[in-house]
Structure formats: structure tokens, C-alpha cells
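Enquirer: The primary structure of each chain is shown beneath.
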Amino acid sequence: MSGDLNPQTWLDEYGDYLYSYAFLKVKDRHVAEDLVQETLLAAITAKENFTNRSSVRTWLTSILKHKVVDHFRRQGRVVSLSELIDQDNEDNLDYLFKTNGSWIEKPEPFPDPESTFQQKQFWNIFQQCLTGLKPRQAEVFLAKEIHGMSSDEICKQFSITPSNVWVLMHRARLSLIKCLKALWIDNGK
Amino acid sequence: MLNCRQASLLASRTMDEKLPFWKNLSLKIHLLLCRSCQNFSKQLDFLRKISRQTRANPDFQLTDEAKRRIAATLSDKQTSD
Numbered sequence: 011m012s013g014d015l016n017p018q019t020w021l022d023e024y025g026d027y028l029y030s031y032a033f034l035k036v037k038d039r040h041v042a043e044d045l046v047q048e049t050l051l052a053a054i055t056a057k058e059n060f061t062n063r064s065s066v067r068t069w070l071t072s073i074l075k076h077k078v079v080d081h082f083r084r085q086g087r088v089v090s091l092s093e094l095i096d097q098d099n100e101d102n103l104d105y106l107f108k109t110n111g112s113w114i115e116k117p118e119p120f121p122d123p124e125s126t127f128q129q130k131q132f133w134n135i136f137q138q139c140l141t142g143l144k145p146r147q148a149e150v151f152l153a154k155e156i157h158g159m160s161s162d163e164i165c166k167q168f169s170i171t172p173s174n175v176w177v178l179m180h181r182a183r184l185s186l187i188k189c190l191k192a193l194w195i196d197n198g199k
Numbered sequence: 008m009l010n011c012r013q014a015s016l017l018a019s020r021t022m023d024e025k026l027p028f029w030k031n032l033s034l035k036i037h038l039l040l041c042r043s044c045q046n047f048s049k050q051l052d053f054l055r056k057i058s059r060q061t062r063a064n065p066d067f068q069l070t071d072e073a074k075r076r077i078a079a080t081l082s083d084k085q086t087s088d
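Protein chains in written order, with our numbering: chain A, 11 to 199; chain B, 8 to 88.
Chain A on its own, in the form it takes in the complex (with noise of 0.2 Å):
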């Protein structure tokens, strides 16, 4: 792994992961592109204090986070570490089921963006539903739905179990799917 701290490479292998990740959070261009460089920036400097207890991108990722809180506090906005990496403990599931676990709503399967005005009405809406979710579970579903990541990296990355990546998944997708119900389909009504 002595390669990965070559710091040429990180740019290519997790500036997208990188990007989106501060894309989710700040939700504009420029400013999650700035937020790469200044993270990757700071890693150079930081190079030394790199163990190899965590994974590159962990370590990345890490520093990423605290970048996004300075970017927050020097727009005014409070906001914790604690805020962006919250270890969403229960969710209550209650709203979905009824006592004898049978659906309250019945899911109905949801269509295709037909037209391109329809697709790019959807990407929007499914940013927001992403942007909504709590931090954990969009940094997880992020890597492992968007960017691909094996789950056994990710238990290496976030330092979870197999089972909590499967929980957490069950949750962001329950709730990324209540969200484009609410926002895609209900709304188009």
C-alpha cells in the first residue's frame, strides 16, 4: 500500500469520490471543487502524519469533513463534525409499517424519466432525496451504490460490521424511496 501515498495518484483515484461527496454537502460546484483541492492540498502537508491504520480514502475522506465544517463556519453556519458524520442510531420505522408489519402505504413500482426535460427534473430531485438522507447513510450508500465500493471496503473505511452496512442501506434506500415518491411521483400528480 506504500504506492497509494503517492499523492499524484489521489487526484485520479478519489477526487470524483472526493467531489461528490463535498457535492452532497454544499451543493454547489465551485465551492465542493475548491473543497478537493484544499483537502488534497492539506494531505500533502500532512503526508507524514498518515498511518496506515485507515485506508487513503479514509484518511481523505477525514480531512474532507473537517474542510466542509470550515467552509460552513466561515459562511456563518454552525456546524459540528458530530453534525456531518452523526451515527444515526434507530430510525424509527414505524411510519412504514403497521403494528403487524404489513405496509401502510403498498408500494407501487415507479416509471422510467421518459423525456429528457423529465430526466434532468429527476437527477435534481434525486440530489435533494440524497442530500436529505442523514450523513451516515449517504456516505455509505454514496460509496457503495454511486461509486461502486465493495462492502467490505466500506466496513474498512467507516468501520462497521457487515451487518450494519446492510442496515443502514435498508435505511437510506427506504428513505431515498419515500423521498422520490413524495417528490417525483406524487408531485407529477
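What the hints contain is simulated information worked out from the structure, not anything from laboratory work. All the given hints hold, so there is nothing to weed out.
Covered stretches of chain A, going by a simulated chain B footprint (3 or more residues, C-beta under 8 Å): (1) 25-36; (2) 45-54; (3) 105-119; (4) 149-158.
Don't be surprised by glycine CBs; every beta carbon is placed ideally from N, CA and C.
Since the structure of chain A is provided, determine the placement of chain B on it from the hints.
Expert: Just chain B, lined up with the frame of chain A:
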């Protein structure tokens, strides 16, 4: 017999890892009998499909221009160190 709440968790979990044999079997049986959970599975497939497409969405990628700019800044930094 699984209820829908339990089945929905398994339907999601099976997208992340191979289910143990009996859990998989009970999910399959539930899905055969339950239209709502079949639809939920379709929603999960939809979500996976659009997430995979999202990777190629420009909003989730650095532009080439941004990459070049950042790469230049990084190499300046490294030569100055």
C-alpha cells in the same frame, strides 16, 4: 411466515450480501405471495439502476478542467515543498 416489514429488510439485504439459505427461501416464498413486496423489490432495483447511472452524471464528477486545475496546484505545492 415473514411479515412485510421483515421481508423488506431481507429484500434490501440481499442486494448487499448473499442471504443465508433459509432466509433466502423465506424471502422467495413471501415475494411469490405478496404483490406489495414484489413492488418494493422493483423499487430497490430502480434505485440501484439510477444510482449506477448517477456515477456518470457530471454533478458527481470533477470536470476535466477542474482536475487539470487541481493537478497543477498540487504539483506547484509539491515542487515548492
